[in-house]
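Engineer: Single-letter residue listing:
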Amino acid sequence: MIEILKEREQQVYEKGESRFDLACEKPSLAGSVSQRACVFCGSRVVLYPIADALHLVHGPVGCAAYTWDIRGSVSSGPELHRMSFSTDLSEREVIYGGEKKLYAALTELIEAYKPRAAFVYATCIVGLIGDDVQAVCARVEAEQAIPVIPVHSEGFRGSKKDGYRAACEALFRLVGKDDETPLSPRSINILGDFNLAGETWIIKEYYRRMGVETASCITGDGRVGEIGRSHRASLNVVQCSGSMTYLAQLMKKTYHIPFKRVSYFGIEDTAEALYTVARHFKDAQVLRNTEELVASEVRRIYPEVERFRTSLEGKKAAVYVGGSFKAFSLVKALRHLGIKTVVVGSQTGNKEDYDYLGEICDPGTVIVDDTNPLELSRFMTEKDVDLLIGGVKERPIAYKMGVAFCDHNHERKIALAGFEGMVNFSREVYSSTMSPVWQFSPARIGREARTAVDADVESTKGHGAARC
Amino acid sequence: MKEARDVTKLQGSDSKAGNFISTRNACKLCAPLGASIVFRGIEGCIPLIHGSQGCSTYIRRYVISHFKEPIDIASSNFSESSAIFGGGDNLKKALDNVGRQYRPEVIGIATTCLSETIGDDVALYLNQYKKEKGGEPIPVLVHASTPSYRGTHMEGYHEAIRAVVEALAEGGPRARHLNLIPGFLSSEDLRHLKEILSAFSTPFTMLPDYSETLDGESWSEYQKLSTGGTTKQAITGMGRAVATIHLGKSAAGPNNAAALLHEKFGVEADYLSIPIGIRQTDLFMDLLSGISGVPVPSRYRRERGRLVDSYIDGHKYVFGKRAVIYGETDFVVSMASFLDEIGVVPVLCATGARTGRFRELLSEAITHRHDEVSVFEESDFAGILDAGRAMAPDIILGSSKGYRLSRELGIPLVRVGFPIHDRIGGQRLLHVGYRGTQQLFDRVVNGLIEHAQTGSAIGYSYI
Ligand code: SF4
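Residue numbers (the numbering used here), protein chains in the order written: chain A, 1 to 468; chain B, 1001 to 1463.
So that you can see chain A by itself, here it is in the shape it has in the complex (with noise of 0.2 angstroms):
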């Protein structure tokens, strides 16, 4: 069996055992095959659907190349974030520094596709040779006469979490550069959302037949300027909370601007969601608008999600995704396809959302922070899952085991959300659970065979009880 490092056992769970308190947000143990990424992983994804940015990596050339055109983050309008720039330091610059590169670099950059705003990503091995990003970028912002933001993110000055926190940072050097356009009173920010597969898109009609308008989206289909008037929208409405609550929370804070909560991933989650900003509103008309929305949109989907369930009513799932709210929102719309999640976790939960996802889950559910391929096959197999729901990494895990899968991550190019999301995600979950293919794969069958005996085993036991 596979073995649980020491040092990582407070960060794994299982629901029912006696005390509950979920160790988390530490550095990924040295030598354990984390599924996280870093700290310019962090920024660069939030940041990366902002299409009329420049977005230039300044340092070695992975970094970079591993992110070109990585987000499945869709835009109406123009597609310079799906370009990767990179200075790509040689070993000269990192001797005797990477200034120079990097001014010569941003000025031809800029002139050359004439961006909005530029971004400019310090990656781990500047934070080392010193590099002064920040007065290379003032002096190009000062010759440009557009906003040049350096973002913060070293590979190893923490996690994810803090590439998050860098890129509200930045954006937030935006908010607020705009005070022409127009805006009504009913008007909100949405605020991590990526419009993956154009999920941003979705919602904003929502809101758009809820009789609310859509200030600015951060980031999906983002555009600068339209973040540059997002300080004047009456509220924001956060999905992604671990990436964009700090933004959020700057926004109030110098803004006044108040903010909720919220995910759209399921019938639930989504209605709550529509609701929320309904009743912020205090609008007759609007909680109308929004009662019959969902009303009907739920009549349009529920017979299909039905159908979905018949077939998979009684099966097993593992999640494992990056964020936690996804996680919960993941739990709860399987609940509706029938299917029981035995095994959750996620790669940057905090306390708050652990708890959380304690109360959610059934007993027996394991519950993991930041685990890895072993940890993750030993907790399918021993919850006997017949679904994985998460990203690239975790894909050939499940299918290498036997176990259908559904991609939940940023790559994804079917759109999840809202409740057109709900049936592509139940269509996703069925044409992965129920495709024949399974037959053939030796885990399926050796454990099958396992369940077979299991079984035979049950009746035998009846048999006995019954004939005493």
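Treat the hints with care, since some could be wrong.
Cross-link-like lysine-lysine pairs, in silico, DSS-like; alpha carbons within 27 angstroms at most [said to hold, decoys possible]:
#	chain 1	residue 1	chain 2	residue 2
1	A	K6	B	K1133
2	A	K15	A	K383
3	B	K1093	B	K1130
4	B	K1194	A	K26
Simulated from the structure, these hints should not be mistaken for lab results.
Please build the complex by placing chain B with the ligand on the supplied structure of chain A, with the hints as guidance.
Structural biologist: Just chain B with the ligand now, with coordinates in the frame of chain A:
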């Protein structure tokens, strides 16, 4: 022929395509990625990247997207204090933990730009670690120095092979036995190379061998490290072989594994281009035949015959067509040689690396239409696109990363090399030998035919 050897006839400079200082969509990856692939090509070996968490996660994700296999790469997970005070403690802790969980036979340690820049003395840490463990059995520790600001993933690849050989190979009485260092190829290529070598009935060691580890079967139980790979024992024996065949000439130099085996143990070193196309495969077969004393097996002679036959069947569809190729230096050289022998002009040969030998190797490989061939080292995809626009190419050969080029230029992309992450089966693409060339040829011809067919106003069902 003499003229064909004239390097000045190949156009372009040894610098980038375009004059940008920044890299715009890199046509290369970083060194620890190459090292990690090599380490996974050794039986029971887990790669450990000495640096921040992100490097190993990014590299895993990238490799998974091509091979579609689990690939566990550990990290020593630098923190701020390791960056200041050195990463020794983290490295040792990582060795402990990865040892406990995976029970590996070998741990392949690749440094990153981070650990290299702070000047971590990994060799010293490893010595300390061994001492601290006293007599306790520990895995073999191999250390490759792979800062990403020095070279590309290919430098990392070759450096890791060298490091493994340096750590494990031993001398002794010479055996009738061959070493093969295959270059960065697909799993299917590695399988095919092994098959060819076996047919010459000479025992051999191929390093690395990720043909199974990164393209394995479905499992009945979860495996910590997928099975397969060059065994430790086989690597030990590499110092006693008759010769090392090193595929890919750009890495030739005093610092690669073949040179090391030659210098330390007197193993003869033979450098060949990757055997793609008839000419390069002939050279490979001849060399094998020469070393082993076994004539080229008839099945390969027949495969070659069929390939010639199909070259003739398809020649009209490809003759005079213009191709863009990009990728790893040695891979592009062999591709160019193949295209050249079927009458396609490789109008743009690009690589993200800088070896300084690219142009020279290309002019050895290409014999026709030199005035039309442009050569770019240190290239990136934005540069390739800019340059490519003016060249009116008909087809592109390269990794998935050329998808945008193909879209913008409106011409087909034949996916070859690494990474193929927008298709299934990149790891099963065959490029080498007569058989691999056959598949390539068919795909190139059919790519052109399909393009003509879709572009035709009325369409046609016979060619
Ligand atoms: S920090 Fe260096 S080693 Fe790590 S991903 Fe970036 S380029 Fe590669």
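Engineer: Quick check: which numbered hints come out false for this structure?
Structural biologist: 4
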